[in-house]
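Novice: In numbering that gives the first Met the number 0, the protein residues as written are 0 to 372.
To be clear, the hints were calculated from the coordinates, so they are not data collected in a lab. Just so you know, not all the hints are guaranteed correct.
To be verified - Each computed EDC-like pair below joins lysine to aspartate or glutamate, with the alpha-carbon atoms no more than 20 Å apart:
hint	residue 1	residue 2
1	K136	D236
2	K231	E207
3	K250	E278
4	K186	D236
5	K231	E216
6	K136	E253
7	K231	D212
8	K186	D219
9	K231	E181
10	K250	E138
11	K274	E253
12	K186	E216
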Amino acid sequence: MRSPFTITRLDRYVFGQLALGLAVTTVGLVALIWLTQSLRFIQLIIQRGLSPFVFVHLTGLLLPSFVAVILPITCFIVTMFVYTRLISDRELVVMRASGMSDPVIARPAIALATLSMVLCFILNVWVVPASLHQFSKFEFQIRNKVAAFLLEPGVFTPIPGHITVYIQSRDQNSVLHGILIEDQRQKGAPATILARTGRLVAGPNGPEVLLRDGSREQIDPKTGRLNVLSFKRNLIDLAQSSSETDSATPKTSEATIWQLFHPNPAQIPPATRLKWHAEAWRRLVAPLDVMSYTLIALLAVLRSPFRRQANNAALAAAVVGVMVLVALGIGVDSLAARQNGLIPLIFIVAAGPALVCGVLIARVERLTRAQAA
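Please model the entire structure based on the sequences and the hints provided.
Specialist: As structure tokens, this is what we get:
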């Protein structure tokens, strides 16, 4: 008797169809999402004169997050499409006539879903947080440096880090004339810097401006007196300090699993820690959606009472069911972020459909064989 774990030529054939369809569908949807999301960076690239390589590098860091989000949906779509086509081409009828049970017929889809789960887990736990962190750093560097080096005459240009720069003109030698800098990086003691001329230079931490023949005006927060300091030469760092960026609260999407489970009390308030714990469990459990959605598609196709054609009502019910699960998952994630006692619901919503559909597929097969006997 052949082992149920034996890989047959039919398994390889169906698995190949599923894998090809999944690759094409995922790449197509990722490209569409990438195109829509990258439109918000077009203005930055065109107006600032950045190279296409910078644009591709910046937006390419978002691709892993797109794949992790749509992979469960594409597995559902491809599974339903391929198995429905097997029914319409009478290939599924031949498989059943050769003695293959529904669980055996479903093996290629389950195998592909398992591989997709592993990929989704790797993306959620390691790749996506790292890529989003690099994206934020790269975007900040671009906006910080570009805003400084592309100062426009007659325009007040805000620089990240609470600095505003105004220049009256710029000559052919890139020398700035009539410079005004409003520096509010020191809380409670803003400074106004005036200079006759200056030049932008690249410093170790970012853009700097070398000022000549100017003054620095600052009100002493203790005495309220205006202090004026004249200078012949002064170097002003326009980049946001590393201490300021390091002390900022990290984003939940960029935190690692370890950081989510063990947040820094100095940076994360108690109310926000609830959200972090829920996000950690969501990342670990989210890959189970792949198996759940795949088994929903298999149940809708394989349970058709008229075995020679797909049951359109069952297919429609499967689509609606997945839509409900997506909405339910979003709602449960939101509730669990406010009340960590509801975190088990995240697991139930993700894994529950897979368990139910797996049992139903096996049960329908047993009932079919009993009726045939």
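Novice: Against each hint, give a clear statement of whether it holds in the structure.
Specialist: Now the hints, each set against the structure:
This hinted pair checks out: K136 and D236 have alpha carbons roughly 19 Å apart, not beyond 20 Å. A C-alpha spacing of about 16 Å is found between K231 and E207, which places the hinted pair at or below 20 Å, so the restraint holds. This hinted pair checks out: K250 and E278 have alpha carbons roughly 11 Å apart, not beyond 20 Å. Between K186 and D236 the CA atoms are separated by roughly 17 Å; this keeps the pair inside 20 Å, and the hint holds.
Distance hint between K231 and E216 is fulfilled; the C-alpha atoms sit about 15 Å from each other, no more than 20 Å. Under the criterion of a C-alpha separation no larger than 20 Å, the hint pairing K136 with E253 is consistent with the structure, at around 11 Å. Taking the CA atoms of K231 and D212, the gap is near 4 Å; set against the 20 Å cutoff, the hint holds. Of the pairs offered as hints, the one joining K186 and D219 holds, with about 12 Å between alpha carbons and a cut-off of 20 Å not exceeded.
Among the hinted pairs, K231 with E181 is consistent with the structure: their alpha-carbon atoms are about 19 Å apart, no more than 20 Å. Note on K250 and E138: the hinted pairing holds, with a Cα-Cα distance of about 14 Å set against a maximum of 20 Å. Pair hint K274 plus E253 holds up; C-alpha atoms about 13 Å apart against a cutoff of 20 Å. Of the supplied pair hints, the one linking K186 and E216 holds, its CA atoms being roughly 15 Å apart against a limit of 20 Å.
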